[in-house]
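Asks: Residues per chain are reported as follows:
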Amino acid sequence: MAKHAGKTRVEAGENVWISVDVLMTHDICGPGTIGIFKEHFGKNARVWDPEKVVIIPDHYIYTADAKAHRNVDILREFVKEQGIRHFYNPGTETYKGVCHVALAEEGHTRPGEVLFGTDSHTCTAGAFGEFATGIGNTDAGFILGTGKLWVKVPQTMRFVFEGTLPPYLMAKDLILQVIGDIGVDGAVYRTMEFAGEGVHSLNIEERMTLCNMAIEAGGKNGVISVDQTTLDYVRARTSKPFEVVENDPGCRYYSTRTYDAKKLEPVVAKPHSPDRRALARELKGTAITRAYIGSCTGGKITDFIAGAKILKGRSVKAETFIVPATTEVAAKLRTEKIDGKSLFEIFTESGAKVGEASCAACLGGPKDTFGRLNGAEVCISTTNRNFPARMGSMESQVYLASPMTVAASAVTGKITDPREVMA
Amino acid sequence: MENKISGKVYVLGNDIDTDQIIPAHYLTYNPAIPEERKMFGKYALCGLPEASQGLPFGKIPFVEKDADRSGYKLIVAGKNFGCGSSREHAPLALQQSGIEAVVAEFYARIFFRNSVNGGYLIPFETPARLVEKFKTGEDVELDVRSGILKNKTQNTEFPLKPLGDILPILEAGDIFRYAGKK
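First to last, the protein sequences are chains A and B. End of the first sequence sits at 423 in our numbering; the numbers just go up one at a time, nothing left out. End of the second sequence sits at 1182 in our numbering; the numbers just go up one at a time, nothing left out.
So that you can see chain B by itself, here it is in the shape it has in the complex (with noise of 0.2 Å):
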């Protein structure tokens, strides 16, 4: 697990569901197979409407037109992130697309499950609501142990929750290497 992670950061709203993180007719892609689990990438995020493509502006595509990953490193969201369908694909989608954390008020369970046992994102909560605090695009650095985000841009930063019993799963790389050491 990297320590930092900075870059450019993309805002959504609340209840995004996995149908608009990944839509249900690109699940024929099998994750297990190299070439078709980049595919996830390609499409992550791309069953949004165009109002809530990338807070407050919109009609911000995630993924560039004929582009394979995002040029965005982390997602600031609001409630019920990943609520719907227990599809592994997403959190994957979002990792292969370039995501390295989310930060949400809280998540859907499936969906949190996911990110950890899989090891694909970090997902941090926040105990305020951070929304309306960061714009689309604007450069942020994430201190993962202290749980600090910055916003560079804005020169503001925001203590996250303790990432508390999902922390040893993350630092094994995954809840396989995590029983495989307990």
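One chain only, chain A, in its complex shape (with noise of 0.2 Å):
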């Protein structure tokens, strides 16, 4: 933060003006941001750097709502004029889907750098050790006119993981642990670092589950060092030169907890908070009607490979959807296999329903959305919310858990451990 500040070093508490290198956009507050700039810097104004604006639009894509459609349009028009070449386009082979797993994808999340997106989900590009979180469409409108913005320079949580994962847990579950101890308000304002060999022994997509939920405990923005994991997956998506930024030496922390990977169990959030945390296996026979896999939290190849591993040779007794996050995520579903077999043959032979790659019903959305809750389903997700009505209606639930838990309770139509399914 201090490098982006052009100070030597900074201090907690501190208000700064940090330059930006990369502003993220959707089709939800794109068309907000893109007024609000306007208003403020003119109808002819232009953006501070078009190569460091990236725009993805991603929430409402698969609808046959005009208004959704109508804001797609602003963005076509908005990129066109300002010369936008980072820009991912529904309906041509450029369309990505969910922002922050493209972010990703296409190599625009870079260590230590800064990346504010107009999505309280950007914190999931901290995995890539960078200071990414979301904001709204006045700061974004702002940084659009002036490739910069205030932030207050916040403290750290430290969570650290000691020794590896048993087979039956996930990222998910680690995340949701955390945030049944601190709560939903227990890292406001701060940052949670993730740390410990129960941490860098996770792939990217797993990292990115856990900072990705940072903000579902108030956290400003999640962060994990930069190891050779990253530095791989980063290089072979980018040439773009970047520079490591680590801990300073003797640095404090706000706090420190510490737990034994091999403790825990898998977990879930009940409705409708997801700070409401039960064991999967505390929760045995509570019938679910729906499951679902998808979202930036839940819809990587990961997920997916996890899940499949359950849902091979089984069939749902649950409605099930599989929305992968991009169109990669997707394309890999027909490419990854499990004995000679597809993820997506795995998926469809089991009864579930593969949908496009888009944020879907994750956050309900138009009534059309794929997924969608539309009335009293009980659904448990993969999904990183499960707030009254977020999936759709007033009078549905929403469990929060891992894909394999998901999985696991597709099979059996209630809540299930994925130990009691597992081979």
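It should be emphasised that the hints constitute simulated quantities derived from the structure, not laboratory data. Each residue gets a CB set at the ideal place from its N, CA and C atoms; glycine is no exception. Accuracy of the hints is not assured; some may be wrong.
Claimed, not checked - FRET-style restraints, in silico, Cβ to Cβ: (1) B:G1058 x A:K284: 31 to 39 Å; (2) A:T92 x B:P1056: 51 to 59 Å; (3) B:G1180 x A:G83: 22 to 30 Å; (4) B:G1058 x A:D65: 49 to 57 Å; (5) A:Y253 x B:G1058: 40 to 48 Å; (6) B:G1013 x A:T258: 31 to 39 Å; (7) A:N15 x B:I1148: 24 to 32 Å; (8) A:A331 x B:E1064: 28 to 36 Å; (9) A:A45 x B:G1058: 45 to 53 Å; (10) A:E243 x B:G1180: 26 to 34 Å.
Each of the two chains sits in its own frame; use the hints to bring them together as a complex.
Replies: Okay, here's the thing in structure tokens:
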């Protein structure tokens, strides 16, 4: 942060103006952001740096809603007018899907950088050792014109996972464990740093799941220090230079919590808050009517491989929706195989419905959204929020869990600890 | 910035998330278009479960059926107000509905930033929980500069936390005017 503020050091609590490396927006907040930018900088204003603006429509794509399409048209017009290259256009080959996963796949997440996005889950990119956080339209409009924003330097809460994860646990279990411990307001205004062997033995997608849900504890951002796994992923995706930033020696933490990964168990967050944690086995027998695997949190290829291992050769008892985060993940559903069968075949043979890449029903959306809860469904989902009516109807209930727990529950029609169905 | 805000209070509990403040299916309205901007006021807080609608009673709609705005001027809430998504439509919806200030124990940070930087409403923090000290529909008066909140119905008053760093931004109107002055 000091580097981006042009200073040698900054202290927690200080307000600083920092320069921005990447600003991301999408179809929900883009039109409002553009409106604010033009209102304040003029109708003919130019963005501060078209190379640093990334626009990824992802929320309301596969819907008949006319306003949703109008909003994407506003983005199309803006990128043309401003000469913005990094635009992932629905209905064309460049379309990607969920912005947080797309940012990583397209090489826009790089260590040591500052990334702001008009989406609270922008904190996902902290998995790459950068400062990444969500902002509103006004802040984004300000950045479009100036390339800068004021931020308060946060204190850091450290979460250390010792030992590697047993085969029935995923990053989702770790983060739901943490949120259950500290609450949905446990990290308000602070950075959540995830560390230890349990974190660094995870692949990059799992690390993204951890950082993604920092916001569910109120965190300003999540962060994981850079290692070879990070470097390998980023260098395969971009040739842009970057500078790795490490913790200052002897740095102070607001708090440190240490977990023994082997002692943790699969967990579930009950309706209607991500901190209402229970062990999956404690909820054994709770009937569900729907299972959902998708979103920026739970719709990456790692999530689908985990789900497919359990669904392979079995039939689902609850209506099950599979929503790949991006078109790249969707393509991998057809190429990634388990014992000669593609994930796509495994899912469809189990009776699950496979949708198109987008945010889909994670946040409800227009009534015709794929997988949306339109009535009194009880859903177990790999998404990140289970607030009242988050996935659609006020009558619905949502349980959050890992892709393994969701798949195991889909098979039995009841909330099920994945250990019960794992070979 | 007005110095006095007076009117009726609407009372809410903890962790009021932005999906409750403005559900996602209304986000297709574009706030940059004036006719669509108004719609956010109409649907403000329509995602509240019945039991949470106007404490301590519940089942008191924030915006009456067929109305475009709310009859309330100020919200008193508990912890972590505005948690969840980064949608600036949330403070915008409250502003469009007629809310001028919120008094909460503390806020989710993106909601807080959006409220201040966009100049939608004044997010006051209270040192002591006030949710149980107010009933929805009571008459209140807030003196913005002294930070004193009066419950005129019960004839009680409560000191709020000073606005501190955000006061100059609120006084300027929004972050653009504030940065322009600096």
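Asks: Which numbered hints are broken by the structure, listed smallest first?
Replies: Hint check: 4, 8 fail, others pass.
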